[in-house]
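Can you make the complete structure from the sequences, with help from the hints?
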Amino acid sequence: MLKRTIPLFITGAAGGILILAYFSPATTNWGEVVTDWMNTLAAVAFILGGGNLLFVNLEKISSKRSGWAYALVTLLAFVVTLAFGVLKIGAVPNAQFPATPWAGDYESVRAPFGWVYEYVLSPLTATMFALLAFYVASAAFRAFRAKNIEAILLLGTAFVILLGRTAAAGILTGWISPEGPFAFLRLDTMAVNIMQYVSTAGTRAVMMGIALGIAATSLRLILGIDRSYLVND
Amino acid sequence: MSTQHTQSSTTVPHGAFIRFLATMDRRWIFLAMMLAVGMPILLKLRPPESPGPLSNATFAAIEHLPAGSRVLLSFDYDPASEGELQPMANAFVHHCASKGHKLAFMALWPLGAQKANETVNTVLKPFHPEYKLGVDYCMLGYKAGNEGVIKVIVTDLLQQYSTDASGTPLGEVPMLKGVSNIQAFDLILNVSAGYPGAKEWAQYATSAYPDAFSLLVGTTGVQSNQLYPYYPTQMKGMLVAIKGAAEYEVLVNAKYGNTPAIVAAQRMMSSREGESASENASGDTPESGVPAILQEGQRRMGPQLIAHLLMVTLIVLGNVVYFATRSKGATR
Chain A
105 MLKRTIPLFI TGAAGGILIL AYFSPATTNW GEVVTDWMNT LAAVAFILGG
155 GNLLFVNLEK ISSKRSGWAY ALVTLLAFVV TLAFGVLKIG AVPNAQFPAT
205 PWAGDYESVR APFGWVYEYV LSPLTATMFA LLAFYVASAA FRAFRAKNIE
255 AILLLGTAFV ILLGRTAAAG ILTGWISPEG PFAFLRLDTM AVNIMQYVST
305 AGTRAVMMGI ALGIAATSLR LILGIDRSYL VND
Chain B
5 MSTQHTQSST TVPHGAFIRF LATMDRRWIF LAMMLAVGMP ILLKLRPPES
55 PGPLSNATFA AIEHLPAGSR VLLSFDYDPA SEGELQPMAN AFVHHCASKG
105 HKLAFMALWP LGAQKANETV NTVLKPFHPE YKLGVDYCML GYKAGNEGVI
155 KVIVTDLLQQ YSTDASGTPL GEVPMLKGVS NIQAFDLILN VSAGYPGAKE
205 WAQYATSAYP DAFSLLVGTT GVQSNQLYPY YPTQMKGMLV AIKGAAEYEV
255 LVNAKYGNTP AIVAAQRMMS SREGESASEN ASGDTPESGV PAILQEGQRR
305 MGPQLIAHLL MVTLIVLGNV VYFATRSKGA TR
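Chains as they are written, first to last, in this note's numbering: chain A, 105 to 337; chain B, 5 to 336.
You may find that some hints are simply not true.
[To be verified] Here are the computed distance ranges between Cβ atoms for each label pair:
#1 A188/B <-> G328/A: 39 to 45 Å
#2 T204/A <-> V139/B: 21 to 27 Å
#3 G313/A <-> A64/B: 29 to 35 Å
#4 Y199/B <-> T204/A: 37 to 43 Å
#5 L176/A <-> S184/B: 45 to 51 Å
#6 L276/A <-> E176/B: 53 to 59 Å
#7 Q207/B <-> I121/A: 17 to 23 Å
#8 Q207/B <-> T144/A: 19 to 25 Å
#9 E283/A <-> A64/B: 19 to 25 Å
None of these hints come from the bench; they were simulated from the model. Here a beta-carbon is modelled for each residue, glycine too, at the ideal position from N, C-alpha and C.
This is the structure we're talking about:
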């Protein structure tokens with residue numbers, strides 16, 4: 105009984121207060137308190153997330169499931185980085201308080217934590233993102249076909265945006281006067297117009313639909329109609 | 005390079021060129037993309053940029069603020085998006101510092117705080133040595149809570165940030181004396197790679213308090229579609245991807261790219277690192293006199309131009325293969 109009632113009450117009260125706080129100045133402070141609790145919970149969620157990461161990967165390693173070596177690498181990277189950051193191992197001594205190791209700068213590249221960020225994490229994440237260019241190019245060659253009217257429209261738009269967002273626009277259509285009656289045919293103008301008007305109109309409609317969906321779902325949660333977040337319900 | 009053919013050459017009865025395209029290993033495409041990105045970097049290809057309306061609006065919004073205005077910079081990105089966003093972050097900081105604005109750095113992304121530190125170390129400290137920590141700029145650091153952080157700091161900054169990133173109580177930070185919430189700032193500058201970021205700043209900051217401050221955004225190209233609906237009401241300006249950064253750099257550098265402070269800073273850096281007068285520590289060209297780090301967006305437009313041309317070519321070639329094989333199949 106309590107396992108269901110208390111979570112339902114917390115959800116309803118938190119959601120209700122946040123709605124009230126938005127519309128009524130008298131309850132603004134209540135909204136701030138609830139939001140502050142949420143931020144505290146978000147910080148605590150990092151600890152839960154870390155614990156979950158440890159549990160899942162230790163379980164994978166101990167049962168020698170496929171890919172357990174990757175789990176070991178993940179775990180080692182997590183533990184080592186955490187230790188460097190939390191314990192401030194090798195922190196650069198603070199000029200004002202050289203005798204106090206905890207006052208040192210652990211984010212400097214001369215400290216292990218900063219070094220890991222600068223020379224491991226930063227290049228790895230940038231490399232992963234950069235790989236997208238290669239896969240997008242391959243996909244463009246193999247999958248982007250003018251099979252029907254919709255695909256042709258999509259292709260045309262892609263050409264305009266791809267060329268209009270570079271200096272190619274100036275090279276190809278720069279001779280059209282930006283003040284003249286045919287200015288709209290300049291690739292850079294077409295790219296801006298597509299993004300600012302055509303795309304925005306579609307996005308706005310989608311956003312309104314999403315907002316209505318969020319409002320409906322939130323009301324169902326606040327009123328206790330939707331209880332799917334209660335695992336055993 | 006023959007292991008990943010999409011179609012066996014025996015089933016494609018066309019000319020040699022079409023047959024080559026139809027059976028081409030995708031690693032040739034990878035090689036072409038590598039060259040498309042690498043060659044312009046090696047050849048220092050830098051196409052001309054002319055600022056568009058969004059970049060002009062962004063520049064004007066910062067330019068028209070009175071000197072010494074308080075600006076809150078939220079770095080909501082990480083190294084994965086650095087390619088697109090770091091040049092605009094550099095240009096934002098350089099522009100604001102050139103105008104003499106007071107800068108407060110914060111982050112809603114865990115690695116955003118590091119990006120803010122990097123920007124301070126590579127742009128603010130070398131080219132604006134007059135800026136003093138606590139007096140002219142401060143580092144608030146990262147806070148967990150996503151849009152919840154914004155919702156709180158618009159009405160009560162101290163509830164989220166009782167100290168700055170180094171542990172100094174906010175009340176003891178000179179530039180934040182008397183600041184109880186971010187409505188005391190004149191401008192919010194957000195460099196955003198996704199959630200939480202520009203959309204949340206528009207929804208929970210400027211939409212809730214439209215008269216309190218202005219919002220300017222630098223964003224990735226992928227995210228820009230979601231943000232256009234907020235321009236120009238909730239966002240006074242927006243820089244979209246590396247193109248936006250390059251355009252904005254042109255505007256900023258035209259006015260603040262070669263100031264006496266920058267010349268002096270470069271001279272000092274050159275003498276410190278013992279480099280020749282023709283090319284100093286930051287690798288600037290002697291013709292422009294503008295440090296390379298402040299032209300990074302323009303430099304990155306070279307690879308982008310060739311890569312986009314390659315993409316267009318690949319799409320055209322892919323469709324040539326498609327129609328050639330389809331029409332041949334139909335006639336047979």
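**Hints not upheld, ascending by number** = none
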